[in-house]
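Residue numbers (this note's numbering), protein chains in the order written: chain A, -7 to 459; chain B, -13 to 349; chain C, 969 to 1141.
The hints are simulated quantities; they were obtained by calculation from the structure and are not laboratory data.
Heads up, a few of these hints could be off.
Unchecked claim - Derived contacts from chain B toward chain C, CB cut-off under 8 Å, selection only: (1) Val47; (2) Leu50; (3) Leu57; (4) Cys61; (5) Val87; (6) Glu88; (7) Ile89; (8) Ile97; (9) Ser99; (10) Ile102; (11) Leu106; (12) Asn113; (13) Val125; (14) Val129; (15) Ile133; (16) Leu149.
Claimed, not checked - Computed beta-carbon distance windows for the label pairs: (17) Leu986(C) with Ala49(B): 27 to 33 Å; (18) Gly1085(C) with Leu258(A): 23 to 29 Å; (19) Ala1015(C) with Ile343(B): 34 to 40 Å; (20) Thr1058(C) with Val329(B): 39 to 45 Å; (21) Leu1130(C) with Ala49(B): 43 to 49 Å; (22) Gly1085(C) with Leu(-1)(B): 47 to 53 Å; (23) Gly1072(C) with Leu395(A): 23 to 29 Å; (24) Leu1130(C) with Met23(B): 30 to 36 Å; (25) Thr1058(C) with Glu177(A): 37 to 43 Å; (26) Val319(B) with Leu1068(C): 36 to 42 Å; (27) Ala173(B) with Leu1003(C): 51 to 57 Å; (28) Leu139(A) with Ala1015(C): 32 to 38 Å; (29) Leu1130(C) with Tyr314(B): 31 to 37 Å.
As the list claims (entries may be wrong) - When the alpha-carbon atoms are kept at most 20 Å apart in a straight line, the in silico SDA-like pairs for lysine to any residue are as follows: (30) Lys1139(C) with Asp128(A); (31) Lys140(A) with Leu1003(C); (32) Lys1053(C) with Val47(B); (33) Lys1053(C) with Met(-13)(B); (34) Lys11(B) with Glu24(B); (35) Lys54(B) with Leu1003(C); (36) Lys254(A) with Phe1135(C); (37) Lys129(A) with Phe1135(C); (38) Lys86(B) with Thr1103(C); (39) Lys1139(C) with Lys431(A); (40) Lys353(A) with Val275(A).
Ideal placement from N, C-alpha and C gives every residue a C-beta, glycine not left out.
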Amino acid sequence: MNSIIALSLFGIANLFLGFLNNRKILMPATLAFILFALGLNLADWNTEVLWFNNMLRTNNLSVNFTTVILVATLLVVAISRGFGDDEEHSHPAEYYAIMLFSVVGAIMMVTFENLLMLFIGLEILSVSMYVLTGSDKRNLRSNEAALKYFLMGAFATGILLFGVALVYGATGSFSIYGIGNFVTENRMGQSEITPMLYVGILLIIIGLLFKVSAAPFHFWTPDVYEGAPTIFTAFMSTVVKTAGFAALYRLLSVSFVGEYGKWVYLLYFLCAATLIIANITAVYQQSFKRMMAFSSISHAGYLLMTVTSNQATTQSSILFYSLAYSIATVTAFAVMILVSENKTSNGKPDESFDAFKGLAKNNPLLAFALAVSMLSLAGIPLTAGFWGKFFIFSDAFKRGLILDLIVAVLMSAVGVYYYFKPIIASYMKEGNIQEITIKPIYKLTLIITTILTILLGLMPDLVKSIF
Amino acid sequence: MYIALLICISLVLANVVIGVYSERKIAAFMQDRLGPMEVGKFGFLQIFADLFKLLQKEDIVPALADRKLFLAAPCLIFIAIFAGFAVLPLGPSEYLQGAKVEIGVFYLLAIVSIDIIGILMAGWASNNKYSLYGAMRSVAQIVSYEIPLGLSVVCVVIICQSLDLQEISFQQGIFSPEENYLFGIKALGIDVTQVGGIFTWNVIRMPFFFFLYIVFFIATLAESNRAPFDIPEAESELVGGFHTEYSGMRWGLVFLSEYGMMLLVSFLGAILFWGSWNTPFPNIGFVRLADWTSGNSGTWVGIAWGVFWLFLKAYMGVFLQMWVRWTYPRLRVDQLMYLTWKVLTPISIIFIFLSSIWRLLMI
Amino acid sequence: MLNIILIAFCILTVGSALWVLWTKNVLHAAFALLLTFLGVAALYVMAGADFLGITQILVYVGGILVLLIFGIMLTNQAGNKEGGKNMILTENLNRFWGILIAGGFFGLLFYTFTQAGFQEVEQQHFGEISNHSSTIQITGIQLMTDYVLPFEIVGVLLMIALVGASFLASKNE
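Extracted from the complex, chain A is given alone in its bound form (with noise of 0.2 Å):
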């Protein structure tokens, strides 16, 4: 709650910064406003609260969701570049602040109690995420996938309220403890459940579904990841999909618990059938941006996995999986903003393969920190990926989803093709990349990043213990 209010002021104070004409203060002044709000946010450790009539609960699970959302968004906006250097076509001012409300959205979704801050948490993170897809006003393809996701996402919306709207209808209560008793004390017998309750259900999982990008509601993922300015991009596939597991992981686990046994078949195929969706058409992309899309979307899949077997160790794998998640893609998509904007084609950023090769020749760093993270991402050993597919492994071990098993592991194999493409390019290609020149500020975020995948590959107990 707490950090909630700082964020929104910190987002008009960030406003107001930008009409200072020096732009060079919006970063570090975003910087220490995202350090502030984890601070703050830090401080509720150990606290239970609820606030305001039973609208936010403190805990220490919205603590920990909190902390990866600001972590990710500390890392986004570390590597926001960029913004200040093409002076007159960015508006850096209004990136940051939108970027600061969105993560309000974020928080609000993953501490909420009460469905109407899930609705407006989402909306909030939505609508931002709209204007920044096309902030590139100039782009085509960025207006393009603005409107796309804008006219899926209000959609997606639509339905999700209805589903809210439903599920009030049938249990008397928008606090998702409220629905919980309600449900369970049914399944006690005490009287017959409405089919209200199960198409409530149903819409309310439809809408969340979308946001997060599970197959067969995935179709806007590819253009508009594409579309969008990398950054936000990066931003993007971090933050609002978090988000977005921790909204969809609170909901079932604690409202719907008491019905696992009619939902649990949905998401077990709609997680099959993402996996299998994502990872077989990653393997066509020629893009590097839009094989990251599918492969986000192929996380979705492995996330789903987890929050279909929910366990009791559920809650500590989204943590961390999002976690090595967020990490690897903000480098994966640092280390390509700068490649791309380096290598040109027709006048455009170069986003394909073949923009990689040759990379390890004259920029290492950049070409480690790449491997590292796409090896975490496949979920090789001894970095963070791995052990984040093996806690979501043995869960669903656990629960027995062998079908989701089967089809996990598959798949993970099929992702290792894909994600080795840029690796073999940067290492074993020829090619002709000059010495990229790095601000210090990108090339600590590179290196914080990518020791942080490896340590958290050596010693998952680091974090998993404290999640």
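With the hints as your guide, set chains B and C onto chain A.
Then chains B and C, alone, in the frame of chain A:
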């Protein structure tokens, strides 16, 4: 309910007759000329001549117009405006209010906004660039000015704690169910509930309301597309605005709605700010001016006095609108937008703040 | 009497909604939507939610519909001026899938609502619904007490929408 309906419909119809005549006479007076003089004594029958002309005229639909929409648009505009009359209390009697609803003024603001759709429909269906320009300008103007209008109404609602126009009316006179203090400040301790008259009107209960009324008045001028906010029908630029292509009785309907809107907002202004159907004269000692000019609540005399005062106030408002029309030149589009977004809206927000504080002083 | 009015408004709502679907003239569809909104508002009022009904008119008719019509009128319609008429025509595409999906959804909701047992649900969870003549006072008090946080936080949403809209709509310098 049905009595109020009949009264309102005849009022709106009579109003256009009175309005047109008085507009021409007032314009003539201000420009130091005589106005219509030929037909009847002082040109009094001119209005009937105009009316007959209007009724006889052919109702022309342009060949390339979108026929259905073209025919429907004036009716929609008229219905929207006329629906606004449903919640007006025309006097201190339950028979003189169409619908006794608790959300009266909110309903009024909402239903009147439908008139925008009618204007857009008329402008588009005419298939004429001047009509379309006029409609666009009109809608942009009405939508923008709805904000200061709504905010200024909210100020009054904060003071009165009610959206029901009849309840707001009762509060502002000697029939008030609650106690009224001078300037609304309880700490002063001067109870004016039995004094009544002008001292219990909203403009005195919250003295800053006089300035708020100016904001309200400007906003209502723009809402009813009256000069100096008549760029939607600027004759020198757009021929006739959104109703360029209309003729005959359909044009008459548009005209009817325009005068109906003028009357509606004048009624609203009188009810919200100027004491509604309450007398302006206070009781001073044994000179019971307020009692004498209000009658007893619920009797025929009381109702007659109430109706008299309300109509007097409303037509003062209409007169003010005509006065402004013949005094000020037309605004440019950018000035118009500047006025609403950068002047009136901030001012009305400040007034909301002031009213909230004032309300705390009142209890 | 009330039943007849109710049925009349239902017919108005559904009929105008069908008109929105079937007409090929986009603007006719937009204006038919006006009737749908009004019908829905009337149904709200008849269900005892007067504040909601008026808000529906204010928001949807006064705001969204105007925006919609402006959007249609201001977008490029080259090729729609056949014979000098300004009609913006569209095709009805994907009828089969459209009808299938809409029909399926309708069937699902219809089944749900017939099975819902609203009176039971009402007694079970919502207690005695007070026979107050208006919902506005309750709504206002609830907004300022129990639901003050969502009410305030919507400000952030509006802020983003405002900043985003002005940012996206501003000219490319």
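Status of the hints after comparison with the structure:
1. Because the beta carbon of Val47(B) sits about 13 Å from the nearest beta carbon in chain C, more than 8 Å, this interface hint is broken.
2. Checking Leu50(B) against chain C: minimum C-beta separation of about 5 Å stays under 8 Å; hint holds.
3. For the restraint placing Leu57(B) at the interface with chain C, the shortest Cβ-Cβ distance is roughly 12 Å, beyond the 8 Å limit, so the hint is violated.
4. The criterion of a C-beta within 8 Å of any C-beta in chain C is not met by Cys61(B), whose closest approach is roughly 12 Å, and the hint is violated.
5. For Val87(B), the interface hint holds, since its Cβ comes within 8 Å of a Cβ in chain C; the closest pair sits about 7 Å apart.
6. Interface hint status for Glu88(B): upheld, as the beta-carbon distance to the closest one in chain C is roughly 4 Å, under 8 Å.
7. Annotation: interface hint on Ile89(B) holds; nearest CB of chain C at approximately 5 Å, less than 8 Å.
8. Interface restraint check for Ile97(B): the shortest CB-CB distance to chain C comes to about 7 Å, inside 8 Å, so the restraint holds.
9. Proximity of Ser99(B) to chain C holds as hinted, the smallest CB-CB distance being about 3 Å (cut-off 8 Å).
10. The closest approach between the C-beta of Ile102(B) and any C-beta of chain C is roughly 6 Å, which is under the 8 Å cut-off, so the hint is satisfied.
11. Evaluation of the Leu106(B) hint against chain C yields a held restraint, the C-beta minimum of about 5 Å falling below 8 Å.
12. Annotation: Asn113(B) was flagged as interfacial toward chain C, and the flag holds, the nearest CB pair being 5 Å apart, inside 8 Å.
13. For Val125(B), the shortest C-beta to C-beta distance to chain C is roughly 6 Å, which falls under 8 Å, so the interface hint holds.
14. For Val129(B), the interface hint holds, the least distance from its beta-carbon to any beta-carbon of chain C being 6 Å, beneath 8 Å.
15. With a least beta-carbon distance of about 11 Å to chain C, the hint placing Ile133(B) at the interface is violated under the 8 Å criterion.
16. Evaluation of the Leu149(B) hint against chain C yields a held restraint, the C-beta minimum of about 7 Å falling below 8 Å.
17. Taking the beta carbon of each, Leu986(C) and Ala49(B) are about 30 Å apart, inside 27 to 33 Å as hinted.
18. Evaluation of the 23 to 29 Å hint for Gly1085(C) and Leu258(A) yields a pass: the beta carbon distance comes to about 25 Å.
19. The supplied range of 34 to 40 Å is met by Ala1015(C) and Ile343(B), whose beta-carbon atoms lie about 38 Å from each other.
20. At roughly 42 Å, the beta-carbon separation of Thr1058(C) and Val329(B) lies within the given 39 to 45 Å, and the hint holds.
21. At roughly 44 Å, the beta-carbon separation of Leu1130(C) and Ala49(B) lies within the given 43 to 49 Å, and the hint holds.
22. Distance hint for Gly1085(C) and Leu(-1)(B): a CB-CB separation of about 51 Å, consistent with the stated range 47 to 53 Å.
23. Separation of Gly1072(C) from Leu395(A) is about 27 Å and conforms to the stated range, judged on CB atoms against 23 to 29 Å.
24. Under the hint 30 to 36 Å, the C-beta atoms of Leu1130(C) and Met23(B), about 56 Å apart, miss the expected range.
25. Judged by the Cβ atoms, the range 37 to 43 Å given for Thr1058(C) and Glu177(A) is violated: they are separated by roughly 51 Å.
26. Checked against the hint of 36 to 42 Å, the C-beta distance between Val319(B) and Leu1068(C) comes to roughly 49 Å, which is inconsistent with it.
27. Evaluation of the 51 to 57 Å hint for Ala173(B) and Leu1003(C) yields a pass: the beta carbon distance comes to about 53 Å.
28. Between Leu139(A) and Ala1015(C), the C-beta spacing of about 36 Å keeps the proposed range 32 to 38 Å intact.
29. The beta-carbon spacing between Leu1130(C) and Tyr314(B), approximately 32 Å, falls within the hinted interval of 31 to 37 Å.
30. At most 20 Å may separate the alpha-carbon atoms for a hinted pair to count; Lys1139(C) and Asp128(A) meet this at roughly 12 Å.
31. The hinted pair formed by Lys140(A) and Leu1003(C) fails the criterion: a straight-line CA distance of about 29 Å is larger than 20 Å.
32. Between Lys1053(C) and Val47(B), the direct Cα distance comes to roughly 13 Å. Compliance with the 20 Å bound is thereby established for this hinted pair.
33. Taking the CA atoms of Lys1053(C) and Met(-13)(B), the gap is about 44 Å. The hint is violated against a cut of 20 Å.
34. Between the alpha carbons of Lys11(B) and Glu24(B) the distance comes to roughly 13 Å, so the proposed pair stays at or under 20 Å and holds.
35. Annotation: proposed proximity of Lys54(B) to Leu1003(C) holds, straight-line Cα distance about 15 Å (limit 20 Å).
36. A hinted pair counts as satisfied when its Cα atoms are at most 20 Å apart, and Lys254(A) with Phe1135(C) does not qualify at roughly 45 Å.
37. Between the alpha carbons of Lys129(A) and Phe1135(C) the distance comes to roughly 10 Å, so the proposed pair stays at or under 20 Å and holds.
38. Between Lys86(B) and Thr1103(C) the CA atoms are separated by roughly 14 Å; this keeps the pair inside 20 Å, and the hint holds.
39. Between Lys1139(C) and Lys431(A), the direct Cα distance comes to roughly 31 Å. Violation of the 20 Å bound is thereby established for this hinted pair.
40. Of the supplied pair hints, the one linking Lys353(A) and Val275(A) is violated, its CA atoms being roughly 26 Å apart against a limit of 20 Å.
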